[in-house]
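*Asks:* The chain contents come next:
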Amino acid sequence: MFAAGLLSGLLGIGSGAFKVLAMDTFMRLPMKVSTATSNFMIGLTAAATAGVFFARGDIEPLLATPVALGVLVGASLGTIWMARLRNRTVRAAFLPVLVYLSASMILRGLGVRLP
Amino acid sequence: VTAVPPPLERAISRVLFWGGVASIALAVIGLVLHFAIAGRGHAALELARLQHREATGVSPFVFRSVGEIADALVRTPPEPLALTATGLLLLLVTPVAGLAVAALGFARSGDGDYTAIAALVLALLVVSFFLAGAA
Chain C
1 MFAAGLLSGL LGIGSGAFKV LAMDTFMRLP MKVSTATSNF MIGLTAAATA GVFFARGDIE
61 PLLATPVALG VLVGASLGTI WMARLRNRTV RAAFLPVLVY LSASMILRGL GVRLP
Chain L
1001 VTAVPPPLER AISRVLFWGG VASIALAVIG LVLHFAIAGR GHAALELARL QHREATGVSP
1061 FVFRSVGEIA DALVRTPPEP LALTATGLLL LLVTPVAGLA VAALGFARSG DGDYTAIAAL
1121 VLALLVVSFF LAGAA
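Quick mapping for you: the protein sequence lines, in order, are chains C and L.
Start counting the first sequence at 1; every next residue gets the next number (the working numbering).
Start counting the second sequence at 1001; every next residue gets the next number (the working numbering).
By construction, these hints were calculated from the structure, which means they are not laboratory data.
Every residue gets a Cβ at the ideal spot worked out from N, C-alpha and C, and that includes glycine.
Misleading hints may appear alongside valid ones.
Stated by the list, open to error - Partner residues are not named here, just some residues of chain L that face chain C (Cβ under 7 Å, in silico):
| id | residue |
| --- | --- |
| 1 | Gly1020 |
| 2 | Val1058 |
| 3 | Pro1060 |
| 4 | Leu1081 |
| 5 | Leu1092 |
| 6 | Ala1132 |
Looking at chain L on its own, in the form it has when it is part of the complex (with noise of 0.2 Å):
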């Protein structure tokens, strides 16, 4: 007889399961379509950025925030390394959007010492993405 998991588990277990299936679909369509615009002999990149990135040595596939992957979304036409990092920004948010539901799925059972617990390392996490991007 298999056990059946409490909703808790089911719950963070959905969320990390279907989290991953998700950002990897994204990550995977975006470098196949970037792949078969280059491959058309288009420019699969946006002009300036490359320029830029050129002149300061960095990657031009590289994207570094949130705000530089949404310019390079409504952009006409979209870049496609712009899903596949939208994909791989999801992926590195997957594990903290778990622990958010395991904090609310603690809270509501009334367990303080876990809910405070998932709530401190939840705070850590968001600081950490705080700094990472003021740095």
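So that you can see chain C by itself, here it is in the shape it has in the complex (with noise of 0.2 Å):
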């Protein structure tokens, strides 16, 4: 988890696929608990640096709000759907996430941006 997080801080991505990746595989939990257990902390350690954000002014209202309404509804669903689904599905559908987080960072790195 420590290096989850410290992987984040460095190369400006959301430590979540980490988080995941990590339960998954070396603590071996079962892929719903990993996802969930994410989710959680994800509120939290952005709960710590959105406070920081907020007060230097960064977080504007005529935006977030739209953003924010989106994450909510879509995340209200993935809830919903990712019960009805079998671990190994979950698991499965978590793979392009990660081939696309992996290539975005070697791309970021190579000087190329990925939409």
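Got two chains here, each in a separate frame; can you build the complex from them with the hints?
*Replies:* Right, here's the structure in full:
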């Protein structure tokens, strides 16, 4: 988990993918438990940094509200969906996300930004 | 057969769910009122704050402290975007409230180790909020 936090801080990406990978691979937790735990932890780590961004005036209400609304609706639907899926299916769905993240990090290092 | 979650998990789940719903509701209501007022040609922002923000180069729609939000809410007429900022602030503290409920639940059940861990994380978050406010 320390390495996940360190990498996310270094590379500027969300550590959720690393946390899920660490819990699934090294701690051998079921995939659903890993994703749910990661979700809860992201809220806490984000709260710590969001306070700083808020005080700096970096949170724009006109932009943050539609984004938060979309994320909340998507997350609610995703959670309902996940409860009905098997651990194996959730793991399979997680693979393309990891591939995209990996490709994104490598290309960013080469100066190319993916959408 | 669906497994019934234990009371602590249910309590945390309720705090997170209703915190999220309430915060988004406040933020959206504020946004709708903001555009409704601005659409009628009325000023949706306080003029003095607008001028000060323009002079300092900071977005006039942004609130940077609880005090700023409170001032904008009690002003006549109140600024709708302050309601949106209240919602966003509530969204920010919702996971912290969930953690506080978890810490209380662990303490009640006599789980010393997890109470200490939850209390430590909670303390770190509270310190980070104060440091952010002081910065």
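*Asks:* Would you mind marking each hint as holding or not holding in the structure?
*Replies:* We went through each hint and held it up to the structure:
1. Gly1020: holds (6 Å)
2. Val1058: holds (5 Å)
3. Pro1060: violated (10 Å)
4. Leu1081: Leu1081(L) check passes; min Cβ-Cβ to chain C is 5 Å, inside 7 Å.
5. Leu1092: Nearest chain C Cβ about 5 Å off; hint holds.
6. Ala1132: Hint holds; Ala1132(L) Cβ to chain C Cβ min 4 Å, cut 7 Å.
The structure fails hint 3 only (numbered hints given earlier).
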